[in-house]
Each structure stands twice: as C-alpha cells, then as structure tokens.
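Enquirer: Using the sequences plus the hints, can you model the full thing?
In terms of our numbering, the sequence shown opens at residue 5 and continues consecutively.
Listed next, with one range per pair, are the computed distances between beta-carbon atoms: (1) T507 to R289: 48 to 58 Å; (2) G563 to N215: 20 to 30 Å; (3) E262 to D186: 29 to 39 Å; (4) K610 to T313: 31 to 41 Å; (5) F527 to V212: 25 to 35 Å; (6) A295 to L625: 58 to 68 Å; (7) D310 to E338: 18 to 28 Å; (8) E338 to K601: 40 to 50 Å; (9) T278 to Y251: 16 to 26 Å; (10) E213 to T313: 26 to 36 Å.
Quick caveat, the hints were computed from the structure, so don't treat them as lab data.
Here a beta-carbon is modelled for each residue, glycine too, at the ideal position from N, C-alpha and C.
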Amino acid sequence: MPSEPLAPASTNTENNGVTAITSPQRKLMAVLIPSHSRGKENDEPIDIENVDGPTHSDNEQTEEGRPVRKRKATVPFDEDTDMDTDELLEKEVKTKKKPAAKPRVPKAAKDPAAAAKAPKKTSKKSVRSAFSDDEEGGQSPANSILSKFKRNPKGIVPYVKPEDPLDFDPSYVYSLARQYPDTYWKHHAESKSGMINKISEDHPLELVESNIRDQAAITGMVLSPDGTMLATFCNLGSARIWSLEDYSLLKTLRDAKEEHIDEFYVGAFVPDQTLLLVGGKLKDRNNWSEADEDNNILPCSLKLFDILTGEVVCQLKGHTEELLCVKRVQFKGENYFLSGSQDGYLNKWHMESDWRSLKLMEQMEDGITCMAFTVSFVPNTGNKYFLAAADENLRLYDFEHATLLQTFENMYSSYCDCGKFIQPVDFPMPPPIPQEEPTVDVEEISESAIKKGKMKAEDIEPAARPQQYAYFISRGVELLDSEERMIAKDYNSCTLHKLVYPTTKGGKWYLTEVKKFQDEEYFSNAWLIKISSNGRYLMAPTCTGEVFIYNLKTGQVTGVLKDHDDVEVRDVIFHPTRPLLFTSGDDGQVKVYTYSKPDDISKALKDSEESQRRDSEAAALVSVATDLSAVSVKDEEEEEAIVDVVDEDLTE
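Expert: Encoded structure:
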C-alpha cells in the first residue's frame, strides 16, 4: 500500500452508494458497507484493540481529509468453545460471504457442442454468518461454532379458525325451525282467528261486565293454552283461575304449608292445563328491614300447583330474590321453564315429561349481573335463541348452551323492563324458513372440470339464503331529574325494533330501530309494566290508570282506555281467538273489553269458529300422520325380523 493518502479524483462519482477513488499508482474500489453488514469483507483480521480508531495500515480518508473510523464489531460469545474472542471473530469474518462477482459466461454457452457434455454443477449453499440475518442458508449444527444462536425457520401453517359451538349455524338453526315449528305465530290481526283486529271510531271498544278482582294489586295475568281460563297473580300470595265463559272464579291457589309471606307476580300453565307454575317474592315473617321498609326477602322458589287439588307438587329452588318472569318452552321435544329474577340470574329448568319434577337446573352464563324482566324466544329458530329485557339493555342468549351471545346496549336510560316478538301486519313480512339445501350430485357436475382439477363438488358455493329477520317491541323506564327526582329526563316511549339474523356461519346479529312511540300525556315511568300487540296496535299501560293504543304503522295514538283507578296498570293481553282484551292493575281489578258494535262481535265470533275448525282439522291430520308413521315403523321392524329369520334358516 502507498504511504501517501489517496486523493479523490472527483466528488461527483457517487453511484448507488459506491464511491470511486483514484490513485497515481493503482486503482482501488472502496465499497460502503450496508448498515446490516458488519466487519470487513476481505480476509484481513480485525484488530480489536484499534477497532475504534485508525490503524497503521488504514490510509482511507474522507473528502475533508479525515481518517475513516471503523465500526466496532459485536460478536456473540459462545461459552461452549475454547476459542478466544479474536479467534472467534476472525473465523466468522473469514466465513462471511463476499460480494457477488461479475457473472461469467460458461463454456457451454460459447461452445454449443460442448453443452451436452458439460455436467451440471451443484451450487453450494451459502454459509450463514453470525453478522447476517439471512435465514435461508447456514452451516449444520455440527460444524457451526455459533449454531446455538441460529434460528430454525418454521413452516408456514395456514390459520384455521376453530369451530365455536356458539357460532350461528344457518343449516342447523333452520333445520331445528323446520323440525320444531313455532306455535305462537298463528294469531294476529290478519289471521282471522277471532281476536280484536281493529280499534278506531268505526270499531270502538266497551267494557264487559265482570268481577275479576283480588284483595291487592294484580301484577300479572296469563291465559290457559286453550283460551278458556285466565289466571291472575296477586301480591297477597294468591293465584286465582277464572272462567272466560261467564267470568266466574274457578279456583284460588295458596300454599297452605308456607310459614312466611308469599307474593305472586308471574306464572305459566303447562300444556295439559293441570298444573300452574307461580313465582314472586317470599318475605321473612319474623324479620323487618329498615332500609326496604318491608320484611326481609328470603330465597324465592317457583311453586308448581296442581290445579285440581290446590297442592304444591314441586318447588324449583335456585333464585335468591323475587321472580320477575317465567316462560314455558319446549326445545328439541324436551320440557323446560325459563325464569328471571332480581338476583341477576336467568335459570333454565329441565322438567320431566309430565312437568311434575325437575331433571336439571342450569344458570345462564352471562359474565355480568343483570335483572331480566321478560324473555321472548326468537321466531324461526326452533326456540334455540331468546331475547331478554335486562337492566337498560336487550340481551340475546343461546338457550341450548345457556350462554349470553350479544348485548344491545342503552335501549333506555334506566330500565328496559319489557320486550316481545310480534308480527306486525302492516310491515314487510319476513321470508319463510329456508328449505334444506339440496345435496350436490357429483355426476351432474362437469366431469371435465373435475378431472382437470378446476373444481370439486365441495367447492360449489351454496345458494344464498334470504335475509331472515323478526320484529320486536320494547318499553322502558327513564332516569328521573337529578334535582326534583320527580320528572323523567326523557318522555317515556315504546320502540319497534327489527332483529336481523346472521347470513353466514359465525355471523353477528343486528338490532335496528324501526319506529318510536311517544306522547306528551303518556307517562309510564315505573317498572314491572308489560306491553302487548296484536300486530296492528301497540297497547301501552301507564302509571295513571290508562292504556294508550298506538297504531304501529303510523305511530299515532288511536285511543286511550281510562277505566282503572289512578294507579299503575301492570299487564295487558289480547285474547288470540276471541274479541276480548284484558288489563290488570294495582287497584286489584281486571278490566275486560270487547267490541261495542254487534256486527263486529258477530264477525269476530264467526272467524273464531272457523279458526277452531281449521285447527281441529289440522290436529286430526297430524294425529293421523303420526299413527301412520308409527304403523309404518312397526311394519318395517316386522319385515326386518322376518328377513332375519329367513337369513338364519338359509344359513342353517
């Protein structure tokens, strides 16, 4: 190397980070090392002691005449080797790849005749240096000194999302819906079943003379499955059953063996109408609560009464506070009750086939404490899903797996205490339940396409299902004014929602607002008030003894019923097959309404008779089909038995 410093011939010879430097004696090419490479690219060893400064052999200088400072090498130390740091660094630098040389033209390319004779050379794998992040090449662990620092590349495995049993599966859900069709969608304003379908100046309502009452507030009511009886639930711990032929009292149910104080709020008949399940509050007769200004609450059980004997045949124990709702439901042919309580839990009670004893109790897993006021099962899902009015929200549950799926938040500022699925007759109707997807016949698929590997039978996209949805009504309670604590911040309202079902497996549900129903005189800021609808009108009770009638299509107030005392009206029910409307309240009375015009009554009764005739014929057809199916199964079993006998004879 010359002793005199090299002078740059030109300062404008940069080309992609490479600077040419000239000398009077010889030409050298200095290459700037990229930031990811460290050390020298030649075979000269690095002087560790002088790595931060110029050495006696370093003559490279910058344009300003300053010596070029070398980077300090960092080498991982291998505790398993006896080599010192200098030897280790020297070995790794020597094994580092050199810059690629100028490609040469092979002789085979120059001489075509020799191309056939020239053997193919196996390219050597590049040696991976400790300074390199390259993962493709490298020495074997047996030969590499720094093999313990080498990263072993992992194969790329495509991510496959595990199946979640809680994911919405359209095929499974609609198969349930076809196998177990809904029975609570048959009667509405346009079904011609005999129920009240029009309320206006041309079709007014009037009170029916009746004496359905109790000695305290009637918080809830329920009709029997055949519509011939009405059960009322009183805060004094009694459930009364009334005949709807002459409105006479048939039975009063009390738990004579109960030592403490019963209050009944809700209940449900079993299908054969021999049992009535009742729930409410149980208070300690011997302990008073100063905070509640009432007797202390004890764990509350659901009591199953035998209607004929009046005895409690079963108690469902599992709630610690008062019961707010109870629903009878069948899922996959099995019997269940579903209950909600102020203790924040929804309980699923699996009953025996006769409904008289409990198989299993299971609590809904929601991860949060919620107070469910009402529950309503999602239509056309085989009773797999239900929507609960809980706290200030609406919550969607999977009944089969007893798990919360989604929460639709902040429906109302205080409580959302009632919600029901309905079938509004003046809105677009949901599509029918999707039919079962036809199986793909492989022979009908293009054989050429399959042979060429262009498609497979399982790759065929299924036909798109129509968008399923259902309508849902809700009402709620608003927070009171922070200063006066007397006036609600917002007007009380009821809401019509649309619940949109998922279209794909694992998809989400969506809840949209369709219409809101409000009026300046509609005041209903108290909880445990239920609304109802026949598909054309929304019946909304108030705290002032009134019931507002909203037209679902227009949102306008069609009429107001004013026959209760100036107290809360708690419940309202449309009779499904008779022109009757029932309301109950804290005045301990049930008001019964019907059409005031004889023509409206006669038409409704005629429709009711026709509806009952159709139902009887349908039930007879189902019975015949069931009998034929049983006979067919029996014949097949007998034929199989005969074939088995013949086979045995032939074998012998």
